[in-house]
Amino acid sequence: MATDKELSDFLKSVEKRAFKRTVYTVRDEDAALDIVQDAMIRLAEKYADRPAAELPLVFQRILSNATMDWFRRQKVRRGVMQNMSEFEGSDEDGDFDLLEMLETIEGSMGAESAADTVGREQILLLIESEIAQLPGRQREAFLMRYWEEMDVAETAAAMGCSEGSVKTHCSRAVHALAKALKAKGITP
Amino acid sequence: MTQLKTFSSSVDASGIEARFGLRMAAMLNEQADRTPHDISERLRVAREQAIARARTSRQLAAAPATATQRLGRAGNALMLGGGNPWFNRLASALPLLLLVVGLMVIDELHDRQQIQAAAEVDVALLGDELPPDAYRDAGFVEFLKSRE
Chain Z
1 MATDKELSDF LKSVEKRAFK RTVYTVRDED AALDIVQDAM IRLAEKYADR
51 PAAELPLVFQ RILSNATMDW FRRQKVRRGV MQNMSEFEGS DEDGDFDLLE
101 MLETIEGSMG AESAADTVGR EQILLLIESE IAQLPGRQRE AFLMRYWEEM
151 DVAETAAAMG CSEGSVKTHC SRAVHALAKA LKAKGITP
Chain F
1001 MTQLKTFSSS VDASGIEARF GLRMAAMLNE QADRTPHDIS ERLRVAREQA
1051 IARARTSRQL AAAPATATQR LGRAGNALML GGGNPWFNRL ASALPLLLLV
1101 VGLMVIDELH DRQQIQAAAE VDVALLGDEL PPDAYRDAGF VEFLKSRE
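Same order as they appear, the protein sequences are chains Z and F. Position 92 of the first sequence, counted from 1, bears residue number 92 in this note's numbering, the numbering being contiguous throughout. Each number in this note's numbering comes from the position in the second sequence (counting from 1) with 1000 added on.
The set of hints was computed from the structure by calculation and includes no laboratory data. Glycine included, every Cβ here is placed at the ideal spot set by N, Cα and C. Some hints here could point you the wrong way.
Partial selection, computed: residues in chain Z whose CB lies under 10 Å from chain F [stated by the list, open to error]: (1) 16; (2) 123; (3) 174.
Using the sequences and the accompanying hints, generate a full structural model.
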């Protein structure tokens, strides 16, 4: 059973990421705060007796469900369906080279100067904006895998889909992001 | 050979994707650290509320169980003397023992009553002026019947 301290530490470690992820999805900070608070309370009331190791996966499921509940309450079903639909045709990357993009990013990260600070903040906002524009399932898979550092099996369990689907969503999300950033000339 | 190349390029691609994903995640972390103070405070308050709810929830779950356990223990102690096996066996045999003793007492009382009745008859016969042999005479018996 997770103690109060373990529960508090866990929530503290995930709350900002949970808030950001929810903002990407609902695009409303106040609503995102309400959803995260709702998810925290649901976790605390119903799953506080679970071992601390189980909390991350359970919280991801609760947060996803709380977000869906919010959409249901807002009666924006059409918008949700568009958001959650698959990003068809994203495999057609043509001659786009992900490795080249990655090398540019990593090279420029190490060589950042103080003069670039303001520009960097703008870039981070643009990256957030691009992530927010990803199809819902791709964004969910991408953020769980790389931001929440969950493995493929955990992500699949949290999303309620197969591991193959998670890999596909992640791959498509990475390519779509890289392509969108390159199109805007961003070399963060 | 072609299959090996395909496999190799697939592994490379997934590795590159993972590196890109982790790099993006690092940037997102950097941005998350810049979360405005008011939002951080609201998140802190939400977290504290959740912890308080968890505490209440745990207390509610623990309270009925404790009460039930206490009640059960008290009931056992009252009815079965705290669960001592020898006492339980004795308690089971006690009704049978009482029944046997009761039957013996009743038998003894019945015997005493019979002895008492016989003694009274003997006393009456021996204490009477009429000799006991008179009752053997058929004429005397007829005389008594006619008097009744």
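Does the closest beta carbon of chain F sit nearer than 10 Å to the beta carbon of residue 16 of chain Z? It holds, given that the least Cβ distance between residue 16 of chain Z and chain F is near 4 Å, below 10 Å.
Tell me if residue 174 of chain Z is really an interface residue toward chain F, meaning its C-beta lies closer than 10 Å to one of theirs. holds (4 Å)
When the nearest CB of chain F is found for residue 123 of chain Z, is that gap smaller than 10 Å? Residue 123 of chain Z check passes; min Cβ-Cβ to chain F is 8 Å, inside 10 Å.
Hint compliance for this structure: no hint is broken.
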